[in-house]
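**Q** Each chain, written out:
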Amino acid sequence: MTDTPPLPKAAGSLLELDARTRRRNAAETRFRLYGIAAVAFSLSILFVMLFTIFSDGVQSFRQASITFDVTLDPERLDPEGNRNPEEMADVTTIGYGNLLSDQLSAYMVARGISTEGVSARDLNAMISRDGPGSLRAQVLADPTMLGQTIRFTTYASGRIDGYMKGRVTRDTAARDTNISVEQLDLADRMIEAGILTAAFNWEFLTRPDASDQRPEVAGLGVAILGSAYMMGLVLLMVLPLGVAASIYLEEFAPKNRFTDLIEVNISNLAAVPSIVYGILGLAVFINYAQFPRSSALVGALVLTLMTLPTIIIATRASLRAVPPSIREAALGIGASKMQTVFHHVLPLATPGILTGTILGLASALGETAPLLLIGMVAFVGTYPASPLDGGILDPATALPVQVYAWASRSDPAFIERSSGAIIVLLAFLLIMNLVVILLRRRFERRW
Amino acid sequence: MSIAILLSAILTLSALAFVVSRQRAVASAGGNLRALHSRPAMYGWFGALSAGVPALLALAAWLIVQPLLIERDLRGMFPESVQADASALTLAMEDVRRVASGLDQAVAQGMMTAEGAQDLTGQPEAVRQLLAEIGVALAADVSPEVLAAAQDYRQMAHDGALWRTALVLALAVAGLIAAAALTTRDFRARNHVERVILLILMLASSVAVLTTVGIVLSMLTEAGRFFGMYPIQDFLFGLTWNPQFRGNSTFGLLPLLWGTLYISLVALLVAVPLGVFSAIYLSEYASARVRSIIKPLIEVIAGIPTVVFGLFALVTVGPFLRDVIARPLSLGDSGSSVMTAGIVIGILNIPFVASLADDIMNAVPQSLRDASLGLGATRSETIRQVVVPAALPGIVGAILLAGSRAIGETMIVTMGAGAAAAIDVNPFVAMTTITVKIVGALTGDTAFDSPETLVAFALGMTLFVLTLGLNVFALYIVRKYREQYE
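Heads up: the sequence lines are chains A and B, in that order.
Just so you know, the first sequence maps onto residues 1 to 447 in the numbering used here.
Just so you know, the second sequence maps onto residues 1 to 486 in the numbering used here.
No lab work stands behind these hints: they were computed from the structure.
Worth double-checking, as some hints may not be accurate.
Computed from the model, here is a short list of chain B residues facing chain A with C-beta under 10 Å [unchecked claim]:
{"hint": "1", "residue": "Leu169"}
{"hint": "2", "residue": "Asn191"}
{"hint": "3", "residue": "Ser205"}
{"hint": "4", "residue": "Gly310"}
{"hint": "5", "residue": "Glu381"}
All C-beta atoms in this analysis are idealised placements derived from N, C-alpha and C, irrespective of residue type, glycine included.
Bound conformation, chain A alone (with noise of 0.2 Å):
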């Protein structure tokens, strides 16, 4: 019998958790409460970041306009008398504007609103200066008018919508050259007798871009178009490619340098950061091959080279995913292995195949940078042509372009339209991300 060293006294009950016990409890306390602020965190910082930019996008969809009669004096708009629209031609704009806030001023004094304060000059300020523009070509499209009175709704300017959104407040006008308070009481007044209202506005999809003094028409359309013409590129060309290279590699590729070259390339180009494959296009296909400058065409080859690598990798995953028995049964039968590909394991592949053509879709429509190297961020006011006339060759913009376009523009006005542009952007991408649900409820297979 050795001597054995005495056990140690028990502190207390066992029902009473000793200090290290309790400081090991609370360890493991803290440890799992720091995973969960971690991911409150990352969560909270994501709805902070769709909050703001949904609470200012939402106003670029409702636009303040001025509905007013106007009286169309041959006297003003056609001088010659000849109603001769070429003649008519000579009136520029400004004639034009001035004959509006002249009218308004008028329409406004015959229904008892005073203008007290604000000079016809800033009356024509709170106009958009789209307005006389729109009047005119209506005008000229229609010499019979002039001498009719019409009930004309032309966009207020962009101050006076950002008023009734409450951007713009007596604080900041007091502070801003380009607005008064007495404008502001004055459309308070306008607001009130109905003159000045705000309604929704389609027009935000469908107009091309305006420059940097008329917040209040610039539109989304070219850069829809010119997405949706680069998407429908990317597609026709990076499926094929995609496919055929991940058929050739997961199905065919003996194991040799070359096979091991193109797939350690695939792997180190998926990490190649976009704005590299921007450069690659501007001096492949830009500079070398002289293919138009900001073209939807240049774009999607871009677009193209740098979802390359995506789709590969997705496509071979669900090709490795057909079990090795089809194959077997296929070959068995007497199929040759490119039948075997072509009839059995493809097919069986494609709901796969297209979840990952989407998804790399959806990055390829996100992306902006390597679409600013190529031209895109150019000021583009007409549509693209449709693509069987060449449009893919006309100068276009992209919709992530668009909201970088925007948002480095001085006026705040732009600021809201570039969160609205993301809210288009954003609603595209859960579509795209919604098939994609739908396609894997509906094909998931486990063999």
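Fit chain B to the given chain A structure using the hints.
**A** Frame of chain A; chain B shown alone:
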């Protein structure tokens, strides 16, 4: 014949070849399809491929080679001084192309006859006026040699197009006839078609290699031109970045590199703790239900375009940091700063780090956890002393990849970091990065002959090497220290 018409002619001939070959095959078997070596459609495909592929290849080769040959011939028409200077030659060639295409348009619009266009010699001013009328603006009057070269260019392009059409159509017809002649019941059509398809698949997979080659070559040649104008050691070790539009610029890389690395460091300080702890919570603590809700939500962050984060930095985070921290502590007065960009890039990278770390920790076998828990360790002790050490190489790899993404991030820094190149330790001042300067140098109308533009390619190369190095290093670490479990 325009290229579109030529292409449709080739397609028509291919379709014809498909029908002819298929019919001949079926006829040679006397209508008994089982006597054929391959399925009837295979003979058709063989015909279509042999009519279409050589013709298309010849067309592509012609389109690439012809401009090169014409340019080489025209070079001799310019004076020695222009020929010696590469950029002057490029400009002159550009003028030639523009004048030639302008004359083509004039002829097409019926403003002059084809003979008239060749007959303009000696009246360069008239040419400029004429081109202005149809919307081709020229910077200066057309010099006589440019006009002469343009007329030769049109002549050669015209002749070339004729020869091209003849050659391509001849090839297509020859292919059709050859396919029809070869098609008999014993001809192994399928083997031939499959070989061509395999070749096409192989070509598709080498696009990835071509892309890399394209990236490296385009950046190497243009960066080489830049280093011809600006010494490489001044670029790599210069401490000032000061481009001037009138020339005499200094391009020191170090301020940009400092800004890039500083912002990436801030980004990692945000992304790594948040990402890793999120991953720990998701993989070790969360129930399956909670996980199935939270994981997709975190991944939503990864699906949001970076320009959205850029706007968030510009409009929300930047002013917030400026008003709450920088101004009260008098650290800076700018909304765009290292902190702004770094924090927002960090947020962008949270889901990236979290999902990689989550995958890696999930790969640690349950037996290790059970053993540790069985010895009496608490869950957090198990995680800290067993799971994380086992997953460490993977986590380090994920962190390096996140760093590489932060270095290459463009939109957030363009909108949130500022444009002033500075070396400073204060994170609340505006600094700039490599990517911002690439965007700055290459956006807008750019002429590829000034160092102010070409420097972008040298910067791009730096960026490419930096990110590629990090990626390769990350993969190396993951491979080398990966624990192998049974």
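**Q** Next step is simple, just say for each hint if it's right about the structure.
**A** Results for each hint:
no.	hint	verdict
1	Leu169	violated (24 Å)
2	Asn191	holds (8 Å)
3	Ser205	holds (4 Å)
4	Gly310	holds (7 Å)
5	Glu381	holds (7 Å)
The structure is inconsistent with hint 1 alone, although it conforms to all the rest.
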